[in-house]
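Enquirer: These protein sequence lines are chains A and B, in that order.
For the first sequence, our numbering gives the first residue as 1, with consecutive numbering after it.
For the second sequence, our numbering gives the first residue as 1001, with consecutive numbering after it.
FYI, nobody ran anything at the bench for these hints, they're computed from the structure.
Beta carbons are placed, not taken as given, at the ideal position from N, Cα and C, and that holds for glycine.
Some hints here could point you the wrong way.
Pairs of lysine to aspartate or glutamate residues, derived as DMTMM-like cross-links and limited to a Cα-Cα distance of at most 20 angstroms, are as follows [what the hints assert, rightly or not]: (1) Lys270/A - Glu201/A; (2) Lys270/A - Asp340/A; (3) Lys270/A - Glu1142/B; (4) Lys270/A - Glu1031/B; (5) Lys270/A - Asp204/A.
A partial selection of chain B residues facing chain A, derived with a Cβ cut-off under 7 angstroms [unchecked claim]: (6) Ala1010; (7) Val1014; (8) Ala1021; (9) Asp1052; (10) Leu1096; (11) Leu1101; (12) Leu1111; (13) Gly1114; (14) Ala1118; (15) Ile1122.
So, partial list: chain A residues that the calculated Cβ filter (under 10 angstroms) puts toward chain B [said to hold, decoys possible]: (16) Pro246; (17) Asn358; (18) Gly389; (19) Arg395; (20) Ala435.
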Amino acid sequence: MSAGDLGAGALRAALFLALWGTGAAVYAAWRRDARALSSARVSAAVAFALVVVAALSMMFALATHDFSILYVAENNARETPLLYSLAGLWAALEGSILLWTAILAGATAFVAIRGTAVLPRLGTTALAVLFAMLSFFLLLVTTPAADPFVRLALAPDNGNGPNPLLQNHPLMALHPPLLYLGYVLAAVPFAYAIASLILGEGGDRWLVATRHFALVSWALLGVGIVAGAWWSYAVLGWGGYWAWDPVENAAIMPWLTATAYLHSVMVEEKRRLLRTWNISLVVATFALTILGTFLTRSGVVNSVHSFTQSAIGPLLLGYLTAILVLSVGLLLWRSPQLRDAGPVGAPLSREAIFLFQNVVFMAATLTVLLGTLYPLVAEAISGAQLSIGGPYFDRVEIPLALALLFLMGIGPQLPWHGASRATLERQFTAPAVAAAVGAVAALLTGTTAVAAVLTYALAAFVVATVVQEFARGARARRALHGETGMTAFANLFRRNGRRYGGYVVHLGIVLVALAVATSQARTVDAERTLAPGETLAVAGYEVRLEGVRSVVEPQRDSVVADLVISGNGASDRLHPALVAYPNSPAAVGAPGIGAGLRDDLYTILAAYDQRSLSWATIRIRVIPLVSWLWLGGLVIGLGAVIAALPAPRRRPARMPVIEAPAPAD
Amino acid sequence: MSSRIAILAAFLAVAVAIAIAARPHDPTAGERVDRITAELRCPVCQGLSVKDSGSETARQMRDLVAQRVAEGRSDSEILAEFRTSYGDWILLSPPLSSWSLLIWLVPVAALAAGLWIARSRIRGGAVLAPPPSPSELASLRERVAAEEAAEG
Chain A
1 MSAGDLGAGA LRAALFLALW GTGAAVYAAW RRDARALSSA RVSAAVAFAL VVVAALSMMF
61 ALATHDFSIL YVAENNARET PLLYSLAGLW AALEGSILLW TAILAGATAF VAIRGTAVLP
121 RLGTTALAVL FAMLSFFLLL VTTPAADPFV RLALAPDNGN GPNPLLQNHP LMALHPPLLY
181 LGYVLAAVPF AYAIASLILG EGGDRWLVAT RHFALVSWAL LGVGIVAGAW WSYAVLGWGG
241 YWAWDPVENA AIMPWLTATA YLHSVMVEEK RRLLRTWNIS LVVATFALTI LGTFLTRSGV
301 VNSVHSFTQS AIGPLLLGYL TAILVLSVGL LLWRSPQLRD AGPVGAPLSR EAIFLFQNVV
361 FMAATLTVLL GTLYPLVAEA ISGAQLSIGG PYFDRVEIPL ALALLFLMGI GPQLPWHGAS
421 RATLERQFTA PAVAAAVGAV AALLTGTTAV AAVLTYALAA FVVATVVQEF ARGARARRAL
481 HGETGMTAFA NLFRRNGRRY GGYVVHLGIV LVALAVATSQ ARTVDAERTL APGETLAVAG
541 YEVRLEGVRS VVEPQRDSVV ADLVISGNGA SDRLHPALVA YPNSPAAVGA PGIGAGLRDD
601 LYTILAAYDQ RSLSWATIRI RVIPLVSWLW LGGLVIGLGA VIAALPAPRR RPARMPVIEA
661 PAPAD
Chain B
1001 MSSRIAILAA FLAVAVAIAI AARPHDPTAG ERVDRITAEL RCPVCQGLSV KDSGSETARQ
1061 MRDLVAQRVA EGRSDSEILA EFRTSYGDWI LLSPPLSSWS LLIWLVPVAA LAAGLWIARS
1121 RIRGGAVLAP PPSPSELASL RERVAAEEAA EG
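Kindly produce the complete structure, drawing on both the sequences and the hints.
Expert: Have a look at this one:
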């Protein structure tokens, strides 16, 4: 039996089990039937194992270049290195949907085994929802819509090889799986929210049960987005990391709504408010992950990532519509039970800031959605062609992002229910002074764009509030538990990781904001045609062309420019190249990047003498602080890990109530 | 009192810094070329601007913009010239005309509507309720302990 037969058979068996499991879980939830539940649990575990077998057989087929499978013939070649062969699983539509299905099957199995044990009725109903979704995806991969194991009657001697852009950088092995994990794990909170609506539970059990899933999904999406930005920076060869490309927009939209949710969820936990809103955010996040897949995988939007056109478009659109109709219908049906008990607190309370923050996030999401869809709609209706790109999104999103930075500094400093004037003055003196220092520092370092100066001021503001929070927390631990210094500090993370991990995430966001503002405002470009030995000076750097050479590898031919960098204390060699793959008519650029904490030197081989390699046109961008963006992504991931780690159990402590908040009603 | 003065002074300093950053200055020819080419779509790329693209077409367009700037044309004249030859499609930020106005209005309207709804959900008036009675204080203590435990 070949890998292709094994994979195709496993997927068909998994589809049967998923359909069976859907029925069993529905029956188990409805009649509280233990035998049906255990049948559903076994089905989920076996279905997961089968989909993993299918995904592994596809990876095996790719690694062994089994060109009798159409997908392998189209996305692999004998010369493809092993890493890119394995990453071929997510290099095109069918494989991506298979990976998606495998992750969803894993989440379903987890809920079947853990979830139904913790909260039997709610967990079982959520399991039924997950099984139904899994059945849909298994249907996709077992029908021509996205069958990855379609066979060729006559296997070709060699395959096409992966898209050149997808075999040019090892980050390709990391960024898509991270994003997909983030996308798919958003299905779990959604399933629980739907289950809670179906059962008519008024409480927030669904939300507590899926807190970790929501956090982990959000963190993986965020880190996946930063990894994607890094990939496009290192591969696409224009010196940017974000182009408001539809596929980037598709990834950022669910991240924005998920971020809003992670904050507004605290209002529900503390104050039992915003119930309908929180469910809506979970539905929106999940629907946006499906919309993103539809946009990028159906070929609707012209983008580097829409490799194929396929029948999957209408199916995904139908699935999305069904999800929205079901969710909105359930929400309307159950809205009497979800009504909030009272108003949100005073305008200057933490819950009010969360509310404002949510409004800004919604406006930001809507802008991305509109800007992505509008050209399609306009063309469909009037035939008019128009572009919505960076300048539009920058104009709308930068003010919104600055507002969010501001709220990020304010929110954690305000108590629940409302703050007194004295509290406000005490909390904001140091941060305000820090903001002034940040603004002046921006001017002194030569940053003159208004948005960048504001970003520096707000970044300093946020950092000061975070430092203040940590200092206060450590002081409180010293007073209450007699801990000192590092112990108090470490215990803040251990005992209240959610809060202090959250602050670490805020610091990561500050790093990202500084990186974006500075690189946007202060990038310096230069371009010149050089003969070997000649130099080009830019922003204090000297770039000398040593020579141009051609390099032949089994899977590709390259022309490489050897550059020697000096100045600004740097001494480095960079090798920008133009790389030709046999399956692509145009050579793709491979930039030479000299990364540094202060700035990156981004060099591009724009053109060269094709006859005798006696000259090369070199384009250079000096991009300040761009590496802080990747650091920021790392810090965000670290903060999320701290927030997700379980705290040790402890006795409830007797806390002196210092500033008494108003009673809830 | 002194902290209020510190906060006010800090605000003032930020405002002055922004005013300094925003003061009008005559852009150099290079700055103008960057500003204009950032608005133009590179016709042969995937959604990149002429400023960012390294393609041959983008390079020619950059040269043309530089030439027009040197001839003394204004920014809007140069953009209009490209709009005439390529259509609205060449502009990465749609012009404020007819239907495209919508994409500028919707974000602003959404923000305004959202803030209005949020405002209606927020309790106005008094900032703090009177201090709690001893029995309320005891129940609050319990709640703090419970929430602390739940938070952990």
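Enquirer: Would you mind marking each hint as holding or not holding in the structure?
Expert: A quick look at each hint next to the structure:
About 18 angstroms separates the Cα atoms of Lys270/A and Glu201/A, which keeps this hinted pair within 20 angstroms; it holds. The straight-line distance between the Cα atoms of Lys270/A and Asp340/A is roughly 13 angstroms, inside the 20 angstroms bound, and the hint therefore holds. For the proposed pair Lys270/A and Glu1142/B, the alpha carbon gap of about 14 angstroms is at most 20 angstroms, so the pair holds. Between Lys270/A and Glu1031/B, the direct Cα distance comes to roughly 51 angstroms. Violation of the 20 angstroms bound is thereby established for this hinted pair.
Restraint check for Lys270/A and Asp204/A: satisfied, since their Cα atoms lie roughly 11 angstroms apart, inside the 20 angstroms limit. Because the beta carbon of Ala1010/B sits about 4 angstroms from the nearest beta carbon in chain A, less than 7 angstroms, this interface hint is met. Proximity of Val1014/B to chain A holds as hinted, the smallest CB-CB distance being about 5 angstroms (cut-off 7 angstroms). Taking 7 angstroms as the C-beta contact cut-off toward chain A, the hint placing Ala1021/B at the interface holds, the least distance being around 4 angstroms.
Interface restraint check: Asp1052/B against chain A, minimum CB-CB distance 5 angstroms, threshold 7 angstroms, status holds. Violation of the interface hint for Leu1096/B is found here, the shortest Cβ-Cβ separation to chain A being roughly 11 angstroms, above the 7 angstroms cut-off. Given hint, Leu1101/B at the interface with chain A, is violated; its Cβ is 12 angstroms from that chain's nearest Cβ, farther than 7 angstroms. Annotation: Leu1111/B was flagged as interfacial toward chain A, and the flag holds, the nearest CB pair being 4 angstroms apart, inside 7 angstroms.
Annotation: Gly1114/B was flagged as interfacial toward chain A, and the flag holds, the nearest CB pair being 4 angstroms apart, inside 7 angstroms. Hint status for Ala1118/B relative to chain A: holds, with the closest Cβ pair at about 5 angstroms, below 7 angstroms. Because the beta carbon of Ile1122/B sits about 5 angstroms from the nearest beta carbon in chain A, less than 7 angstroms, this interface hint is met. The criterion of a C-beta within 10 angstroms of any C-beta in chain B is met by Pro246/A, whose closest approach is roughly 8 angstroms, and the hint holds.
Given the 10 angstroms rule on beta carbons, the hint for Asn358/A holds: about 8 angstroms separates it from the nearest Cβ of chain B. Proximity of Gly389/A to chain B holds as hinted, the smallest CB-CB distance being about 3 angstroms (cut-off 10 angstroms). Checking Arg395/A against chain B by beta carbon gives a least distance of about 7 angstroms; that is within 10 angstroms, so the hint holds. Look at Ala435/A: its Cβ gets to within about 6 angstroms of chain B, closer than 10 angstroms, so that hint holds up.
In this structure, the earlier hints numbered 4, 10, 11 are contradicted, and the remaining ones agree with it.
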